[in-house]
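Given these sequences and hints, build the entire structure.
Protein sequence lines correspond, in order, to chains V and E.
For what it's worth, the numbering used here labels the leading residue of the first sequence as 1, then goes sequentially.
For what it's worth, the numbering used here labels the leading residue of the second sequence as 1001, then goes sequentially.
By construction, these hints were calculated from the structure, which means they are not laboratory data.
One should not assume that every hint holds.
Among chain E residues calculated to face chain V with C-beta under 10 Å, some are [what the hints assert, rightly or not]:
{"hint": "1", "residue": "Gln1006"}
{"hint": "2", "residue": "Ser1009"}
{"hint": "3", "residue": "Leu1046"}
{"hint": "4", "residue": "Thr1051"}
{"hint": "5", "residue": "Thr1055"}
{"hint": "6", "residue": "Cys1091"}
{"hint": "7", "residue": "Thr1098"}
{"hint": "8", "residue": "Lys1100"}
{"hint": "9", "residue": "Thr1105"}
{"hint": "10", "residue": "Gly1106"}
A few chain V residues that don't get close to chain E, going by computed Cβ distances all over 10 Å [stated by the list, open to error]:
{"hint": "11", "residue": "Lys13"}
{"hint": "12", "residue": "Pro61"}
{"hint": "13", "residue": "Pro62"}
{"hint": "14", "residue": "Gly107"}
Positions of the beta carbon are idealized from the N, C-alpha and C atoms, including for glycine.
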Amino acid sequence: ETGVTQSPTHLIKTRGQQVTLRCSSQSGHNTVSWYQQALGQGPQFIFQYYREEENGRGNFPPRFSGLQFPNYSSELNVNALELDDSALYLCASSLGGGSTGNTIYFGEGSWLTVV
Amino acid sequence: AQSVTQLGSHVSVSEGALVLLRCNYSSSVPPYLFWYVQYPNQGLQLLLKYTSAATLVKGINGFEAEFKKSETSFHLTKPSAHMSDAAEYFCAVSDDNTDKLIFGTGTRLQVFP
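In structure tokens form, the structure reads like this:
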């Protein structure tokens, strides 16, 4: 049990629709990162939020966007869904702030299927 | 840019045999290295991490890894495999000081009775 909770656990969307995934970080953690894990691959970094500000972004198009709230929970929004967006979306929380080697805890993920 | 390479997408061992999962890193500065395990249809669980305190790192479930700078390696080992160890294992490196992880492609471990 990592203390990182994600919702929903599974969802099916149609191509062109929009989706919002949610994450509650571990208590006391101010940094949330999102990863996309396609079937049979390693997780790929999407972006990170530190104290409500975006703090780094991977190679994902602008239709992938996010938010972090004052309680450090976070949302991942994906617009204009494409079939290739089908994947497991993982949320990770940590105590950032520029310190290094922090332990990074992952949630169970949200499985998104785009049809 | 930092990266990790996991050699062998599939590893099969017999129950009770040594487990060795390979990971090599590419970094111009001392990295922070992690091993995560992923059981079917689940998220990632941290096995262990290297943060330069000690080169031999002990983790959960009997796993350990040794940081070898001369070989740029951080291989994961377990003396005796259990059936419950069957899972996907990912090596990852932390990018600078942002808590961003760069993952390898993973190694699927199968354990046969």
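Consistency of the hints with the structure:
1. Contact between Gln1006 (chain E) and chain V, as hinted, is supported at the beta carbon level, the nearest pair being about 8 Å apart and thus within 10 Å.
2. Hint on Ser1009 (chain E) holds. Least Cβ distance to chain V is approximately 9 Å, under the 10 Å limit.
3. Checking Leu1046 (chain E) against chain V: minimum C-beta separation of about 6 Å stays under 10 Å; hint holds.
4. Proximity of Thr1051 (chain E) to chain V holds as hinted, the smallest CB-CB distance being about 3 Å (cut-off 10 Å).
5. Nearest Cβ of chain V to the Cβ of Thr1055 (chain E): about 14 Å, over the 10 Å cut. The hint is violated.
6. Annotation: Cys1091 (chain E) was flagged as interfacial toward chain V, and the flag holds, the nearest CB pair being 9 Å apart, inside 10 Å.
7. A hinted interface residue such as Thr1098 (chain E) counts as satisfied when its beta carbon comes closer than 10 Å to some beta carbon of chain V; here the least separation is about 5 Å, so the hint holds.
8. Taken as an interface hint, Lys1100 (chain E) checks out: its beta carbon lies about 5 Å from the nearest beta carbon of chain V, inside 10 Å.
9. The criterion of a C-beta within 10 Å of any C-beta in chain V is met by Thr1105 (chain E), whose closest approach is roughly 5 Å, and the hint holds.
10. Look at Gly1106 (chain E): its Cβ gets to within about 5 Å of chain V, closer than 10 Å, so that hint holds up.
11. A cut-off of 10 Å between C-beta atoms confirms that Lys13 (chain V) is not in contact with chain E; the least separation is 19 Å.
12. Consistency note on Pro61 (chain V): stated as away from chain E, and its beta-carbon is indeed over 10 Å from all of that chain's, at 18 Å minimum.
13. Residue-level check passed: Pro62 (chain V) sits 19 Å from the nearest beta carbon of chain E, beyond 10 Å.
14. With a closest Cβ-Cβ approach of about 5 Å to chain E, Gly107 (chain V) is found to fall inside the 10 Å limit, against its non-interface label.
Hint compliance for this structure: hints 5, 14 are broken, all remaining hints hold.
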